[in-house]
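Could you build the full structure based on these sequences and the hints that come with them?
Counting in this note's numbering, the sequence shown runs from 4 upward without gaps.
Because the hints were derived from the structure by calculation, they are not lab data. Be careful, since some hints might not be right.
[Stated by the list, open to error] Straight line, CA to CA, 30 Å or less: simulated DSBU-like cross-link-like pairs of lysine-lysine:
id : residue 1 : residue 2
1  : Lys186    : Lys141
2  : Lys114    : Lys76
3  : Lys657    : Lys644
4  : Lys524    : Lys694
5  : Lys186    : Lys94
6  : Lys33     : Lys154
7  : Lys76     : Lys51
8  : Lys45     : Lys455
9  : Lys33     : Lys183
10 : Lys600    : Lys587
11 : Lys240    : Lys203
12 : Lys604    : Lys524
13 : Lys475    : Lys45
14 : Lys698    : Lys456
15 : Lys76     : Lys32
16 : Lys76     : Lys141
17 : Lys116    : Lys86
18 : Lys595    : Lys706
19 : Lys180    : Lys45
20 : Lys256    : Lys227
21 : Lys643    : Lys730
22 : Lys51     : Lys96
23 : Lys706    : Lys587
24 : Lys574    : Lys595
[As the list claims (entries may be wrong)] Okay, the calculated beta carbon distance ranges per label pair:
id : residue 1 : residue 2 : range
25 : Asn692    : Lys524    : 27 to 33 Å
26 : Asp490    : Ser582    : 40 to 46 Å
27 : Pro690    : Ser582    : 28 to 34 Å
28 : Gly213    : Lys587    : 47 to 53 Å
29 : Lys587    : Thr676    : 15 to 21 Å
30 : Leu468    : Asp490    : 18 to 24 Å
31 : Asn444    : Lys141    : 53 to 59 Å
32 : Lys455    : Lys524    : 17 to 23 Å
33 : Ala445    : Ser582    : 35 to 41 Å
34 : Pro690    : Gly213    : 45 to 51 Å
35 : Glu134    : Lys434    : 54 to 60 Å
36 : Lys576    : Asp255    : 44 to 50 Å
37 : Lys587    : Asn677    : 19 to 25 Å
38 : Glu184    : Lys576    : 50 to 56 Å
Think of the CB as a built atom: it goes at the ideal place given N, C-alpha and C, for glycine as much as any other residue.
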Amino acid sequence: MGKYIIIIVTLLCSVNLAANHLITNEESKKLTIYWDASFSQKDKNIAKEFQFLEAFFKVYPNTTVNLVVVNSKALANENVEIKSADWSTLKQKINTIQYDGTLDLSLVNTKVKADFLFFFTDGKSYFGELERNLYSPKIYTISSTPDINKKFLHETSFFSLGYHIDLQQMDADSGVKAIKENKRMIRLEFVTNENTNSQKKYIEGIVTDGTDVLPNVNIVVEGKNRGTITDQNGGYKITVDPGDVLIFSSADKEKVTAKISPEDNFVDIKMTDNVNNLDAVIIKSKVEKEREKVYVGLRKEDKNALGYSVQSTDVDDPINLGQALAGKFAGVKILDQSNLNNIRIRTQKTILGDSEPQVYIDDVPVGDQLDLRLLDSYNIKSVRVLKGFAATNLYGSVGVNGIILITTKGGKRITDDYKEDKSKEEKIPTKVFTAPLIVSNAPISNFVTLFKKESDYDKAYEVYLRMRDFNKDNVTFFVECADYFFDNNQQDKGILILSNLIELFPNNTSVLKILAFNLEKRELFDHARKTYQRIVDVSPLMSQAYLDLANNYASEKQYQKSVDLFKKITKNKISEIESFRGLKSQIENDFKHLLSKRNQKWRTNHIDQKYFTLPKYDLRVVTEWSHPIVEFEMQYIDPKKQYAVLSHTMEKDKETINRELASKYTSDEYIITNTDKGDWYLNIKLPNNYKPNIKAPKFLKVKLYTKFGTPQEKLQTHLINIDRIVKNRIFTSFKL
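Laid out in structure tokens, this is it:
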């Protein structure tokens, strides 16, 4: 009898163990976590993200986690076993992550073998694109900051049958519930002029809070699997049927519903904070002409999208611009009528006191350090002032302290009789150079001096991290810190540090050009291309950006893309640009230079035959500057110590600089022929009244070709921080 009891107990234990084994296998999951460690994630709400992970591991207590940490490179790739919901080891690893640089989405592998793929990110990336595929696991994008790329996060999750978990708008348990119940997302609709269907009915409008426009507002057609979100200007457009109800929702705002009648074409929404009981405002209109348009720079925009009336004045007589701003605009305070650094625009968004406005001349940003006396009053057509984020949203967050828009008389159209630049081959008077001919390097940075005191590069990087938060507005800091690591073969750290510029200044074209120049200097042409593309996106009216992008394709050896873009430029087929007239000489020489390298695989049909003949020059020098207004003189010193001066100053070249501003280009080329043989030098000299600005520097890129167009051709490229020059500097020598 005892023997049978032992057998029965043994069988029961075996069955119980087998059942437990099956349950364990059933509950065990594989999870891949991609953790965005870019600089924009530094101040995210990590407590909410930890609450989410805590809730997830309670539901899935036995999980194998592959943690991949990425920014501009893959920082870590580790496996962590979670048992009985104990995820303390994983939490400890996440807590040690340093946030720096920008995110390269191409580093995210969506082909991993896992039950879930979690991507903790704000979705903002300027380097690389996410490679989506049909065989990826369900992707759950998880964000905890209000400033996110909602379109990217939503679409990435939607097309993988996952879900976007916005911890600003849902709690941790709701996020985990969406995963467990396999909740589906609605399909977002983004209507553009290109995909508009005349057979469908659309509703469009602007969503504001009464003061500012509201981006990233969720808009859902009630009862239908369709919706959209507002763009950065608070605008939306969506397909509807008469009788549909639109539901508008956003974090910290009262939900708004609007029923669409057959006559409605436009529905503007004013949302209120959910801490009060104010009624939402819904404004409907039937025809487009009822929506007032106003000029903002060279563009017409919907007045309802601005949040403020646009204050403007047309200039009929020559004036002092400072006086005009002070006398005709409410809320504009003039501390010094000569410098925009001493002009304040009162804005409702200011918390710590007013700051400098952002200035645009013919839609080209010129920063906040422009000396108003340098502007030709006779060439100013009108001045407009926009206040508050609602208006400056059209120009990016750099304008949070206000925007001053100056439209020149040449800004709207460059007439056919517009004069070309004078030939650079004309004779230039020479003088004798009396100073010693010594090529000098750039001064050693104080930041680099600190790094050199450390025993290794990791410790030097830690010094950089300690200084970073105190220098977030200092462009020179990031450039010079990156240079130190690049120069010491620490390329990963160099890219990481340098890429912060696109994270911190994504809408500032002057800073973006500095970034692109420095990336090209390090032959990181793919990153430079993405930066130039960002410049085109931010400022599509800037003709210089298209030439830069075409040349960058060539540097990256994407020759066909370069040829195709040059074809568009030379045929004036870029719709945003009226004319490339000011860049004509450069474009021709660069295109001819490119085509001289062609082979039979290149598609070169429909190109004017003149571009297939490459000219020969003793010396070709192309200078390009980062800021729309950069003043300098270049002295070309020959073997006899005689020198010729080619200037770019407001004192001597005011008409040329005004033409550059109107045509939106920031470069020039000089061709020198019949030169003396021997050693030559280039000396850069600054105007006597130049005031350096280390935090917001101006860079000059100099491309120097000797024996251009011949088999003996050589190229030197120099990148000079103008604000690190003390009056003048001989920066290179070369033989002819």
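If any of the earlier hints don't hold here, list their numbers in rising order. Failing hints: none at all.
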